[in-house]
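J.: Sequence:
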Amino acid sequence: MNKTYRRPYDILDVSGAVALGFYEKTFQTLSTDAGNSLKRPWHKLERGLRIGRLRDFVSRETIRIQLNEEDSDNLFKLLVKTLDRKLLSSKAAVTYDTETQQIQEIKGLMSHTSAAGRTKYQILEKKPAATLKRRPTSAPKELPINSSSEAKNES
201 MNKTYRRPYD
211 ILDVSGAVAL
221 GFYEKTFQTL
231 STDAGNSLKR
241 PWHKLERGLR
251 IGRLRDFVSR
261 ETIRIQLNEE
271 DSDNLFKLLV
281 KTLDRKLLSS
291 KAAVTYDTET
301 QQIQEIKGLM
311 SHTSAAGRTK
321 YQILEKKPAA
331 TLKRRPTSAP
341 KELPINSSSE
351 AKNES
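Everything in the sequence shown is counted per the numbering used here, starting at 201 for the first residue and increasing by one.
Rather than coming from a laboratory, the hints here were simulated on the basis of the structure. Keep in mind that a hint or two might mislead.
[Claimed, not checked] With a Cα cut of at most 16 angstroms, we get these calculated EDC-like pairs of lysine to aspartate or glutamate:
{"id": "1", "residue 1": "291", "residue 2": "305"}
{"id": "2", "residue 1": "286", "residue 2": "299"}
{"id": "3", "residue 1": "320", "residue 2": "246"}
{"id": "4", "residue 1": "291", "residue 2": "246"}
{"id": "5", "residue 1": "286", "residue 2": "224"}
{"id": "6", "residue 1": "239", "residue 2": "299"}
{"id": "7", "residue 1": "244", "residue 2": "325"}
{"id": "8", "residue 1": "320", "residue 2": "269"}
{"id": "9", "residue 1": "320", "residue 2": "270"}
Just need the whole structure built from these sequences, with the hints factored in.
T.: Written out as structure tokens, the structure reads:
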């Protein structure tokens with residue numbers, strides 16, 4: 201007789217923590233980890249948290265520069281596209297304050313305001329510099345004047 205019986209959950213709380221098998225300590229640990237996740241440095245944040253911080257940055261820029269809705273949407277799309285291209289992955293590309301959990305500056309972000317009042321943004325990419333061969337420190341050796349094979353054959 202192998203029947204599964206449903207247990208009535210008389211002590212079910214609002215969050216459902218008891219019914220799901222979470223105990224108070226585990227639930228507290230998870231909530232503290234979620235609260236501390238944004239206090240990590242920029243290069244250690246997950247993609248979803250970075251997008252949330254970018255959205256916050258765009259909303260602050262919208263208020264600061266008084267962007268219209270279309271311009272702020274374009275700025276957010278540009279930043280997400282740049283994040284996907286891994287240009288905003290390093291801590292050198294983004295100045296992120298872990299105490300306030302806000303992006304202070306995005307390096308390479310340039311804004312251009314037209315006469316019509318539209319603001320366009322672009323990200324300046326750093327192109328990798330080509331490595332050059334090292335120049336010799338001494339002058340090149342001079343070749344003898346009659347070093348050709350024809351001069352050797354004539355004698």
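J.: Next step is simple, just say for each hint if it's right about the structure.
T.: To see whether the hints hold, each was checked on the structure:
1. For the suggested pair residue 291 and residue 305, the alpha carbons sit about 11 angstroms apart, so the restraint of at most 16 angstroms is met.
2. Our distance criterion of 16 angstroms between C-alpha atoms is broken by residue 286 and residue 299, whose separation comes to about 24 angstroms.
3. As the CA atoms of residue 320 and residue 246 are separated by approximately 28 angstroms, the hinted pair breaks the 16 angstroms bound.
4. For the given pair, residue 291 sits about 13 angstroms from residue 246 by alpha-carbon distance, which is consistent with the 16 angstroms threshold.
5. Restraint check for residue 286 and residue 224: the C-alpha separation of about 39 angstroms exceeds 16 angstroms, so the hint is violated.
6. The hinted pair formed by residue 239 and residue 299 meets the criterion: a straight-line CA distance of about 7 angstroms does not exceed 16 angstroms.
7. Annotation: proposed proximity of residue 244 to residue 325 is violated, straight-line Cα distance about 22 angstroms (limit 16 angstroms).
8. A C-alpha spacing of about 12 angstroms is found between residue 320 and residue 269, which places the hinted pair at or below 16 angstroms, so the restraint holds.
9. Our distance criterion of 16 angstroms between C-alpha atoms is met by residue 320 and residue 270, whose separation comes to about 10 angstroms.
Checked against the numbered hints listed earlier, the structure breaks hints 2, 3, 5 and 7; every other hint is satisfied.
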